[in-house]
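Q: Once you've looked at the hints, dock chain V against the given chain R.
Protein chains: 2
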Amino acid sequence: MNQQRLNRVIDKMKMEGFEELIISAPNAIYYLLDEMFSPGERLLTLYVNTSGVHKLLINALFPNAKGLDTEVIFYNDKEDPVQILSDMMTLKGKVGIDKEWPSHFLIRLMEKQNQMKIGVGSICVDYPRMLKDADEIKKMRHASQINDTVMSHVAELLGDNQLSEKELQKKIPELFEQYETFEVSFTPSVSYGDHTAIPHHESDQTKSVGPEALLIDMGGRTNGYCSDMTRSFYRGEPSEKYREVYNIVLKANLAGIAAVKPGVSVKTVDAAARKVIEEAGYGDYFTHRTGHGIGIEVHEFPDVSSASEMILEPGMTFSVEPGIYLPDEFGVRIEDIVLVTEAGCEVLNQYPKELKSF
Amino acid sequence: MNQQRLNRVIDKMKMEGFEELIISAPNAIYYLLDEMFSPGERLLTLYVNTSGVHKLLINALFPNAKGLDTEVIFYNDKEDPVQILSDMMTLKGKVGIDKEWPSHFLIRLMEKQNQMKIGVGSICVDYPRMLKDADEIKKMRHASQINDTVMSHVAELLGDNQLSEKELQKKIPELFEQYETFEVSFTPSVSYGDHTAIPHHESDQTKSVGPEALLIDMGGRTNGYCSDMTRSFYRGEPSEKYREVYNIVLKANLAGIAAVKPGVSVKTVDAAARKVIEEAGYGDYFTHRTGHGIGIEVHEFPDVSSASEMILEPGMTFSVEPGIYLPDEFGVRIEDIVLVTEAGCEVLNQYPKELKSF
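Protein sequence lines, in the order shown, are assigned to chains R and V. The first sequence begins at 120 in the working numbering and counts up by one. The second sequence begins at 120 in the working numbering and counts up by one.
Hints are computed from structural coordinates only; laboratory data are not their basis.
The list makes no distinction among identical chains, and a pair is therefore deemed to hold if it is satisfied within one copy or across any two copies.
List time: in silico DSS-like cross-link candidates among lysine-lysine, alpha-carbon distance up to 25 Å:
hint, residue 1, residue 2
1, LYS394, LYS197
2, LYS197, LYS386
3, LYS174, LYS133
4, LYS257, LYS472
Note that the structure is predicted; figures quoted are calculated from it, not measured.
Next up, chain R with everything else stripped away, as it sits in the complex:
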């Protein structure tokens, strides 16, 4: 158990008025126990109460829980883990429930404890996770450095122009594996031509013929922490319009990053990037939020959007990724991961951002 992180979870429980907390998300448990479990459909719960009592309840099929320096309660397939959980609860106050806990567990727990007061309790872990500690910052930096290296390889492959979107998409996880990164943060996005104008385009058999826009959005999970970066390229001589849009997006990306410092709100960052695009007349074509928190998961609390009043603090890591998408023409997005520091901001990935064409 990482006692420092647990203390921060308990502090947040007190602030939010929760007496007990049911943590079931494997990534949240990983944050506290430094061990990843994939329980499938079986119940997995880290139980925490504000007195500091904490117990892991897990099926006996996962013997890797044996080495933990935490009380572990194993159950087998013939036992009812919801009853075991119910028996360990104090019910002295409100119980925080993990936002992702499958409803059938909650319904059965409520049947056993019909006076139980509940609320969604995930913020008690999501909030501490938002503020990365020294060990996490080191891992976040390392993950982004590897993403830089893999992006160079991807750019070489784009230059060779042998691979379809789908083929390059499948190649990327293999490139990450060469750098001790055995998981991608998400299925890499590889788009050619007018597909770049569709932010969630599914890579297909399309080959690149050019002249046309190219877009790569990718990240890996290294030592448990995620990277995420988007770069936009061009095959052939970029058109005037592409150059114009590229430069606006780059300016928006830099403006967003320049706004990052402790004490300002998240929505200020969104506004700084958005303003550049709006003033250039492309506001209607920047169709998504400016970014998202990142850490153990590629999408974490908080949203970097116009709706978020969250105040930036040192240790927060999130993406700044403005884009302009012109339907049936092309799209450009430039995404970096930033770390809020005492002095302002550190950009974790360093792959160049000047317009590169092949």
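A: Frame of chain R, contents of chain V only:
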């Protein structure tokens, strides 16, 4: 909307005492609407009540819902979909909740409707899904035929003996793609040597040196329906002990299949396979249930275990997969998919089961 399937869902709702049903699992919605949605963290609900009213509530980011012959209610990121859902409910009786619905939706719905009576309602879809109709049976047959073909390719690759467990594991989805099967039912299991004794072994960099046991467990999802088959092979001349164990497992597999016919209980099938292994003295080494339902998902209702009183009916499809696992030595499992017919049983996959060595 597949009206016939919807009628069966409503019949089951009445039997189970549910007035309204919240269906959120994408696979359950696919069963009724023949369209797959991947909503990520956003709310997706097919609402059904026993009067036959049904509505799909989905985020506007999923425009493929527009073509459905069903009432579709789109919401955007600025609206509260739980409020919209709450407003459409009648609350005349008990509400069935999808077993996998993330708790935060349920908690917020309960906050809005604090008199609501709820229960886990998934059986209302899981039960109809268990009994495949003619169209589904055709697709299940086709998926298993493709699995047979891919297994022949895998056996050739095992014969060539170039690939590590991990390399062969990664090759299998590519083989399926040649047969219009763009998704595997689950990550294929490829085990060499004493790894075959670990039912959930994670394939690694191990190469096969022999003489040793080999085990392949794999399936693909073709036109929305899953196949699943295990075959055990040997590299080199099989030892006496391996031959003995192989023949016991094969006999257990055939005994399980022979027990399949309408009117008998699921646990009879489990007992028939288990008895062969127990009588041969290996009962302690058959450590799992005999099988599982299969269809749109590779693991569906019901379990084929000693605990299931479910009576077999024509249209049910499930696996029969006894195994013997001798720690640090080897394991053997032989798995087929069966369809319960009026006359008894049809085995959907046909890849040979006599002991094959390379």
